[in-house]
Structures are given as C-alpha cells and as structure tokens.
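**Student:** Chain residues, written in single-letter form:
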Amino acid sequence: MRVTLRDIHKHYGKVHANDGICMEIASGSIQGILGENGAGKSTLMKILAGYVHKTDGSILLEDRPVEYKGTSQATRLGIGMLYQDPLDFPPLSVLENYMMGRLHGIALKKASHRRQLESSTRYFGFHLDLDAKVRSLTVGERQQLEIIRLLALGVKVLILDEPTTGISSLQRQTLFEALRKLAAQGKTILLVSHKLEDVEALCHGVTILRQGRVMGEMRYPFDTRKLLEWMFGTPPSSPPCVDIRPGKVALDMEKVSAPGGRAGLLECDVVIRQGEVVGLAGLEGSGQGVFLRVAAGLKKPEKGMIRVRQRTMTGQDYHAFKDRGVTFLPTARLEEGLIPGLTITEHFALKQRKGIVIPWEQSRKRASERICRFRVVGRPSSKVESLSGGNQQRLLLALMPIDPLILLLEHPTRGLDVESAHWVWEQLIEYTASGTSIVFSSAELDEIFQVSNRILVFYNGAVVKDVKTCDTTLGDLGQAIAGKI
Amino acid sequence: MDSLNITILLGSIVAGAAPIVLAAVGETVTEKSGVINLSLDGSILLSAMVAFAVAYQSHNLVLGFVAGAAAGGLVAAIVGVFSVYLGQSQVAVGFVLTLTARDLAYFFGNPYARLYGPMVSLWPIPFLHKIPLVGPVFFQHSTPVYISLLVIGACWWYLYRTPSGLCLRAVGEHPQAAYARGINTRKIQMWHTIAGGLLVGLAGATFALCTKPGWGRPQGAEGTGWIALAIVIFGGWHPVKAALGAYLFAFLQVMGIHFQGWWPSVPAQVFQVAPFPLMILALVLVNVAQQGHGYTKDKATSTLGRVVNLLSGAAPAALGRSFRPE
Amino acid sequence: MTPLANRIQNLKESLGEILFLLAGVLCLTFLLLLVAGAPPFAAFYHLFIGALGSWSKFTQVLMAWIPLTLCACGLVFTFRVGLWNIGVEGQVVAGAVSATAVLRIGAESGMPGVFLILAFLGGMLGGGLWAVIAGFLRTRFEVNEIFAGLGLNFVALGVTLWLIFGPWKRPGVASMSGTELFPPSVWLPSLPSLRLSPIGIALAIAALVGTGWVLTHTRLGLALKGIGSNPKASYLHGLKTTRFMLYAMVLAGGCAGLAGTFQVTGVYHRLIPAISSNYGYLALLVVMLANYNVWVTPGIAFFFACLNIGSIQLPMMLHLDSSLSGVIQGTLVLAVLLMQVWRKRRQTDNH
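Residue numbers (this note's numbering), protein chains in the order written: chain A, 39 to 523; chain B, 11 to 336; chain C, 65 to 415.
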C-alpha cells in the first residue's frame, strides 16, 4: 500500500517536533527513517500509527486521504506499529496474546487460532512456544509475536521503531528475512533507526530527518558520508581545546554489566578522574541511562565491580554512594527529582541531616541564597510544582551539595533555552576547578561536544568510543553513534 | 470424645463453606479486572439483611436471594463508579463502604432481629445422594450449596475458556495494552465489579437464609468478608484455588468446634476466632515465601519453589490502580 | 488578591462546602429514617439530647472523644506517609492488654500512681510494637499493610479472648464481661461529681499539640510528608523511606496504645473483649473526613463522639438500632470523597 505524508506538522506547546514533513513510500519497499535524538522521527511514526494526533497535514493511503484517531482505527485501515516496548500481556501465553483483540462470539476457537499462529511462525522462520508466558520471552521473540499479530489483523503498512536494540544477531537475521518477505508481498515497511549497518542491510531508500524537517532522501546504495552530514549537520567550529590534567581516580567501573532499558549495559570498563567533564553520547536507551544509575548505586550490577575513591562499592545502595560523594540528578523532574506539594524551603530543610527540630529561618535563608544564585524564578515559599519546567531544572541544580565528588547528571539542561543552558554550564564548570568530576548524558550531541573534555559513545549497550574531545570531530562521533566505528 | 463421621464432617464443610466460596469466587472475578472491592464484609451483612427482610415480608425465598444479590451488586457498583469513573482510591471507598454497609444492615435490620424466617430446605439429588461416601458429601444439600459448587466451575470456564474471560484477564493485567487493542476497559471493569458484587450478595443471602439463618446483631457472618478477601490472595486469583481456600477455612471452623469438645478448658470463643488469624497468617507466609522466590515462577525446580508456585499466584498487575484512557 | 484575602476566600469556600455536605447528609439521613418507618425529627432530637442534653451525657461524649482523638492523631502520621493503617484496632487492643498486664502486677503494690504511669507507658509500648510488626511485614516483605494489619487485628482479639477466658479470668465463672475490676486505687482519677477524667483530656490535647508540632517543626514530620508525596524523589534526596515508614507506624501504634490504656484505666477499669469499641476504624474515618489535617480532627472527632453517644438513646427511646450514627458518619465520608472529585473537576475547568 502506498503511503503519502503531506506537510505534516506537530507542535508540542512551543516545540515544533515535525515541521512540514513530506514523504512518499511505494508499496513493497522498505524505507529507513534516519535521524539523531530529537529529529522527530519517533513523533512522525507515532502520528502515522495513530498513537499521537497530528497538528496539521494529511496522510494518504493509496492516494486516498484518510483520517483516524487512535491506534485501533489506524490498524483497521492497515497501519500497524511495532513499539520499542510492545504493549502486550506478560502473564498471558503467546497464544492468548495473539488472540487478544480478535475475539468474537462465545467460543474461544483456540484450535483455529493456534493453527493460524503456527503456520505464520513457520512461514517466517520464527520459533515461538505458543503456550509459554510472554514474560518469559526475549525481546526479539516478543517482537516476532507482535509482528505476526499485526499481520493477522490485516496490517499492510508496518512501522518498526528501533527494532534491533536489545535482540540477538540471530534474531536480527530472522527479522530482516521476515521483513524482506513482507516487502516482496507488497507490504510497506518503515524502519526508524539510527544504526547505519541495519539501514544499509535492509532498506531500499532512506529519508533523513533533522530538527523536525526532512533533510533529504536517498536510494540504495547510500553515500555514508552524506548520510551522516544530513543526520548530524556540518560540524561547527570546534571549541578551543583545553588540555586539562585530570586528577586522581574518582569512579572506576570494571567489566560492569547490568540490565535495564532495552540494551542494558555490557561489560563496561570506564575510569572517571577528578576534574573531568565526561559526556555520554549515543541514541537514547543505548546504555547511558543504565550507566549513570549504576554509577549512582541506584541499580545493582549483575557482574563487575564499582569503586568510588578507591573503595569498592559494588552492591551497596544509593545512600552509601551519596555519603561517599556521588550526586545523581534525574531527568524526570517531578517524578523523581522534586517532591510535589513541598515548597522550595522545605526541600532545603530536608537536606539538614542533624537535629530533630527544623531550623526554618536558616532553611529559608539558604533557599533564598541558592535560588538567587541559580536564578530560579520563584519564592522560597512557592510549591515546586508551580514552577516552570526550566525553573524546576534550575532548582534541581540549586539543591545539589556544595562540594560533591562526582556529579551524575541525566539531561541537565533539558527544558532550558540556549542562554540558560549556557549559564548553567558556566556554574557547573566552576565545580570542576575544585576537583569535582561531571558525567552527563544529553540528547544534544552539540552540547556534549561543546562542554565535555572527554566523550563516551554508547551503542547497543556498550561503550564503543572513549576519546578526548580534542581528538575527535562531530563527524567521527556521528559515525560511532550510528554504529560505524 | 465423640467419633468423627468423615462423611458428615465433609458434608458439613461443603455446606458451611458455600457462602464463603460464593464471596471468594465473586471477588476473584472483580479483582481479575483490576478492581479491589474492600467493602466485602459490610456487603455480605447488608445483603444478608436485605435477603432475610425481603424473604420474610414476601414469604418468597427466591425473591430474597434476588434481593440479596442486588444489594451486593449495588454496593459493588458504588465502588466501581468511584474507582473506575471518578478515579478515587479503591481502598478508601471500599473501606468506608464496609463500615457503612454494615451499619445500614444493623439499622434497617433491627425490626427483623431474632425473628424466625423462611429457610431453604434440603434438596437431595435423586440417585446421586445414595452413592456411598461421595453422595452425602456433595448431593445432600440445599440449592444455594449446589449453586456454590456450580459457580466454581462456571467461573473457571468463563475466565479461561471464553473470549470475554480472556479480555477480562487482559484488562486486569495491562489496561493500556487492552485499550490500545480497542477494548473498552472501563466497561469491562465496571461490569465485572458488579458481577462479583452479585455473587457476594448471593453469599450474604445464603448466610441469612441457609447457613446461619435469620438476622441479629451480630448475625454470625461478621468477618467473613475479610476472610474472603484474604482467600482470593491465598488462591492466587484463581477461582478453583480460591474455592479450595474457602473449604480449608470452613474445615478449620468445623474442627474448631470439635477441638472445643476435646479441650474443654480452653474457652469456646477462642476456637471461634482462631481460624481467622490462622488463615491470614498463612496468607502472610505465602506472600513472604513468594517474595523470596521472586520471578523463578516459570522455572522453579526446588520442591519449596514448586509448592510456592502452587500456592501463590501473581496479582493482576493493574490491581488497585485506576486507568484513565486518554 | 492579597494572601490574606485569598485565605479568607478559601476558608469561606470550604465552610460553604462543609455546610452543603452536612445539609446533604442530613437530608439523606432524614430519608433513610422515613424509609425505616421511624420518626425523623424525633430521631434527630434524641440524638442531640442523648449527646448534649445533660452534663452527664456531655462527659460521656468527652470520654469517647479522648480515645478517638488519640487514635486519630496517630493515624495522621501513617496517612501522611501513605500507609493504610487498618491495623489500628489491633494496636488499641494490644495497648489495652499491655496496660492490663502492668496493672495486674502492680494492683496491690501500694504505689498506684507509679503503676498508672507505667501502665500508660506499657500501653504505648504494646501498641507501638504491634504496629511495628505490620510495618516490618510491609517494609521487609512487601506484604500489604492492610492485610497484615487486618490479620493482626484478629490475632489481638484472639489473644484478648484467651486472656479473659483463660489466665486472667474472673474467679468463679469466666464471662464476656471481662476480667475482674481493678481496685479503685488504680482507676484513672476522675472529677468528684462527673465521670470525667481530666488526665484523659490533657492526654488528648497533648497528643494533638504534639502531633501538630512534630508535623510542622521536625525533620520527621517533613520527611513523612515528602515520602508520602513522592517516595522515589525522597529516596534520591537521601531519606531512608522504609525507616520513616516504620517510625510512622510506631507513632500510630503508640497513640493507639494510649487510647487502649485509657479505655482500660479510665472507662472500663478492666479488660473486656470489645475494649477498642471500634474507635480504631472510626478514627480512620475521622482523619479521612478531616482531609488528613490534624487541627481539624478534634472537631470532627467531637462530632463523631456526639453521634456515637447520642445514638445510644435510640434503641430505648425509638426502638431504632444505634448504628444510625455509623450510617451518618460513613455517608459523610463518602460525600467528602465525591466533593473532592467535584473540586478537582472544577479546578481543571478553570485552567
């Protein structure tokens, strides 16, 4: 089925996530949708799948305009999406998950559904135990089930969002063969990916998005250099290379593996020294988040050892890490970072560890000082949920201890405009002068490049590049992020 | 020390457990949809009172049962509306209702206290009740007891052999996914909460018209609701296992009476109360053991693991949380 | 609007809402009475007179208010940290049993004052320990505190029954009327003419003030507030969430234990099976109705106590069951829950 997108716009408040996107994909083709974090590819696909409502523009199937709201309507029109986290039912069996959503009448007709499912799995070369509970399946197997289920519902346009994250290479092979078979049948496949090797192996054509717009389209064979340029833009002038002398070892991870997200963290061997600013680059969910949480003691590693200032801390909990000097700043401000219902003063009051009675005056003064210093727009008596997102971010930074050993920051400048982000980094860099190390993840590769002394690139759960910023370029980084080392 | 006639003992357990079975199976259905109906204890009392009052006034037992079921359904509907549609805490509403329903029962039931009212009579099934051993245990009872036995099988069949039951289980596990597949989660939750409530109402009616006939303050059914809630967990949210739990509880109660005869020095009231804490303590232990084994559920190899797997079951993942389809 | 004018406006709105609620519930009660075939105005009259009609009745109300308020103070802590302490009934009983044990040891000792104080301490300890069991089951083994508390309620009742009919039974025939009366020397002193215990009133007021102070001026109070609102963020801020949950349970159990001790020493002067008189469950309703605000609880507790004591008249005067008070209390809480929904809808509409 031919899919045409005309002038698709999506606004999230002030953010223009999709800006006039036009695309046409012929039936029987596999089209890759490439772009870095925040390019708008996930948003676009969610609009096509009916999960999100577009602000403007039109969608045509076989040159007929269609309107739909919600994923079940989209599925009825023949569009289905395989999400990174398929919405399935873990305690139910594979067969029961397959049947859900296609139930009519009184009898369960298990036998006929079983036959259908078995023949589908055989056709694609999938090996699924129909009676196993879905929660015991691997990510790849859950994907396979979801694909078959969508096809059984009559889906002719299949969208896959980063499908090869967290699956084995054998499953990847099987998946690719299945997708080729489907394309040969005339189905339209859209593959959202940041992995160049996948795109090169599978796609007939590629659309590159950057900052909400279509940068260009390309047919196979692909010009890698141009692809990367379109994805990441031309590198700006590199910042002056400051050669810093990192100090003693602050944090040391030895062959640490931990589950989490899609890919988890695999055999991570990293040493962070005092005074360094280390940026974690890579597609969202490639292991940066897990790295930060393991380093903070919020997640216990399955294998490996963590040392903070020479003391082995593996297996201890977050409070032990905190006492040792590790500070963690989460990205979800109101869910994890701040306490709704409490005022700014109360947040500062909570930091006092000693004594039974709260020194309110002292806390109020402290709160005033810090909100002044970090330019938080709000009064000490304001409740934190009344602050704007950007101010909440500043408050999180204001609540940090004065002399931390290591700062682990998840997206520290999220929600801040360029000027505020710049100012925040100025303050944070001052900490490094007294020996604090900063390790942060960010969705903006530019930010990482501008601010860090050292960059770690994560791909599929492993650190594939560990390099001083001076010794690399944005282009190199882009390649590493896309899986081409 | 009088001899225990096994058949009579088992028969009395099946009869005595009938209302508990009804309540536990009913609540299992409700909780499978993700809603917890904490008002069970008060609900049972209210339905018992309503059933007795209606049966007494109308001299019609069937009407009494219908009224009792309706009362249970109505209380459950209130819990459903508050939690499914208004997004309020299920625990808060359920708890308040359990107290209020009980007080309503006592208040309106006052004129009916200690009255001699209609009672269901035994209805031995021809031929079957003459079978040695099994006959008197299962086939020499009154209609509500037969209904309780049928309900177990019917509920199991509904949950695991019909599309509707599959939908219900899906909604209770992952309402977002069910919603994404085009299922009206709120409707399903509401209907099944009410259905469970109807069974709970039947349980109350069975108390007042069959097992502990009559009305009074206390009636005798007090505390059963809490036990039924515990049994649902004990039974791993599976109707057959929940029913077995109910029979176990009835067994403890019956044995309590016999122990009383064996140890007359221990006060009678202790035996009457003892099964309650024992049951809940058992529940606590199962929970504890379950936590210890975590997610080895599908791959348990040790004997203890297998026993725990048999006893335990995972709660419907969305239990107690309200899902608002955007 | 200035902050002060804002607060007055809010207060006026709240007052209006409360009056509207009360009117609604009274109308509903009116209807229920009509359905029951009872004279509604007479019922309201007897409720009122039964509670406030004479000094003797009024002191009864106060004697009911004391344990209710004590329990409610403790429950404010557990509600604040996000726990449903249904086990409060068992904690009252545990406190009563501990106090009785202490008094039985010291009844004839000749140091009645000392032993009374020890009884109160013992009661606090007993209630606190009972609560910690449920709390421990929750924090260490993730057993839902509702069921752990419920189970412990039944266990406490069983223990009480065993004691009353077993080791602590009256000489002669054991009966449901409890243990033998304590000698008057260990009765909580009351005023010469009325059966009112000023010590009890002082205790309740101290509990109220103490609870209010802890909540607003101590780290513990702030920590409980934080954990109740967002346990994840509180953990990241360095608060050991499980420890604070246990603290809240201990405080709730301690207050409940005080209530139980009061029942034993000041009201019944012995241990009876129904020593908790349902005050635990009722206190949960009081705190819910007070919107978890400790300064409002004494007023609501007073209202509930009036209903309870007033309804005692109903069986005698009108052949009605005294559970009418429970119906009114429960309906009020349900109405408040509805009101919260309405308020939230109104807020989102205004935005």
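Each hint should be verified, as a subset may be incorrect.
In silico DSSO-like links for lysine-lysine, alpha-carbon gap of 30 Å or less [claimed, not checked]:
1. K148(A) x K197(B)
2. K76(C) x K338(A)
3. K304(C) x K421(A)
4. K403(A) x K408(C)
5. K289(C) x K338(A)
6. K296(C) x K293(A)
7. K392(A) x K76(C)
8. K197(B) x K408(C)
9. K296(C) x K403(A)
10. K360(A) x K76(C)
11. K408(C) x K76(C)
12. K76(C) x K52(A)
13. K408(C) x K337(A)
14. K392(A) x K408(C)
15. K233(C) x K421(A)
16. K360(A) x K408(C)
17. K222(B) x K107(A)
18. K147(A) x K197(B)
19. K289(C) x K341(A)
20. K296(C) x K338(A)
21. K341(A) x K408(C)
22. K233(C) x K403(A)
23. K304(C) x K264(A)
24. K421(A) x K296(C)
25. K289(C) x K421(A)
26. K389(A) x K289(C)
27. K337(A) x K76(C)
28. K107(A) x K296(C)
29. K304(C) x K337(A)
30. K296(C) x K360(A)
31. K341(A) x K503(A)
32. K421(A) x K121(C)
33. K76(C) x K389(A)
Hints are computed from structural coordinates only; laboratory data are not their basis.
**Student:** Next step is simple, just say for each hint if it's right about the structure.
**Tutor:** Going through the hints against the structure:
A hinted pair counts as satisfied when its Cα atoms are at most 30 Å apart, and K148(A) with K197(B) qualifies at roughly 25 Å. For the suggested pair K76(C) and K338(A), the alpha carbons sit about 52 Å apart, so the restraint of at most 30 Å is broken. Distance hint between K304(C) and K421(A) is fulfilled; the C-alpha atoms sit about 23 Å from each other, no more than 30 Å. Straight-line distance between C-alpha atoms of K403(A) and K408(C) comes to about 34 Å, which puts the hinted pair past the 30 Å bound.
As the CA atoms of K289(C) and K338(A) are separated by approximately 28 Å, the hinted pair is consistent with the 30 Å bound. Restraint check for K296(C) and K293(A): the C-alpha separation of about 28 Å stays at or below 30 Å, so the hint holds. For the suggested pair K392(A) and K76(C), the alpha carbons sit about 40 Å apart, so the restraint of at most 30 Å is broken. The straight-line distance between the Cα atoms of K197(B) and K408(C) is roughly 23 Å, inside the 30 Å bound, and the hint therefore holds.
Among the hinted pairs, K296(C) with K403(A) is consistent with the structure: their alpha-carbon atoms are about 27 Å apart, no more than 30 Å. Taking the CA atoms of K360(A) and K76(C), the gap is near 46 Å; set against the 30 Å cutoff, the hint is violated. Proposed proximity of K408(C) and K76(C) is supported: the alpha carbons are some 18 Å apart, at most 30 Å. This hinted pair does not check out: K76(C) and K52(A) have alpha carbons roughly 39 Å apart, beyond 30 Å.
A distance of roughly 37 Å separates the Cα atoms of K408(C) and K337(A); the hinted pair therefore is violated under the 30 Å criterion. Distance hint between K392(A) and K408(C) is unfulfilled; the C-alpha atoms sit about 38 Å from each other, more than 30 Å. For a cut-off of 30 Å, the pair hint linking K233(C) to K421(A) is broken: about 57 Å separates their Cα positions. Straight-line distance between C-alpha atoms of K360(A) and K408(C) comes to about 38 Å, which puts the hinted pair past the 30 Å bound.
Taking the CA atoms of K222(B) and K107(A), the gap is about 55 Å. The hint is violated against a cut of 30 Å. Restraint check for K147(A) and K197(B): satisfied, since their Cα atoms lie roughly 24 Å apart, inside the 30 Å limit. The hinted pair formed by K289(C) and K341(A) fails the criterion: a straight-line CA distance of about 37 Å is larger than 30 Å. Distance hint between K296(C) and K338(A) is fulfilled; the C-alpha atoms sit about 16 Å from each other, no more than 30 Å.
Only pairs whose Cα atoms come within 30 Å are accepted, and K341(A) paired with K408(C) is rejected, the gap being roughly 48 Å. Between K233(C) and K403(A), the direct Cα distance comes to roughly 62 Å. Violation of the 30 Å bound is thereby established for this hinted pair. Between the alpha carbons of K304(C) and K264(A) the distance comes to roughly 53 Å, so the proposed pair goes past 30 Å and is violated. Proposed proximity of K421(A) and K296(C) is supported: the alpha carbons are some 18 Å apart, at most 30 Å.
The suggested pairing of K289(C) with K421(A) holds, with an alpha-carbon distance near 13 Å, which does not exceed 30 Å. For the hint linking K389(A) to K289(C), the alpha-carbon distance of about 14 Å falls within 30 Å, and the restraint holds. Simply put, K337(A) and K76(C) have alpha-carbon atoms about 49 Å apart, too far for the 30 Å limit, and the pair is violated. A distance of roughly 35 Å separates the Cα atoms of K107(A) and K296(C); the hinted pair therefore is violated under the 30 Å criterion.
Distance hint between K304(C) and K337(A) is fulfilled; the C-alpha atoms sit about 16 Å from each other, no more than 30 Å. With a C-alpha separation of about 15 Å, the suggested pairing of K296(C) with K360(A) holds against the 30 Å cut-off. At most 30 Å may separate the alpha-carbon atoms for a hinted pair to count; K341(A) and K503(A) meet this at roughly 21 Å. Taking the CA atoms of K421(A) and K121(C), the gap is near 46 Å; set against the 30 Å cutoff, the hint is violated.
Between K76(C) and K389(A) the alpha-carbon distance is near 36 Å, which puts this suggested pair outside the 30 Å criterion.
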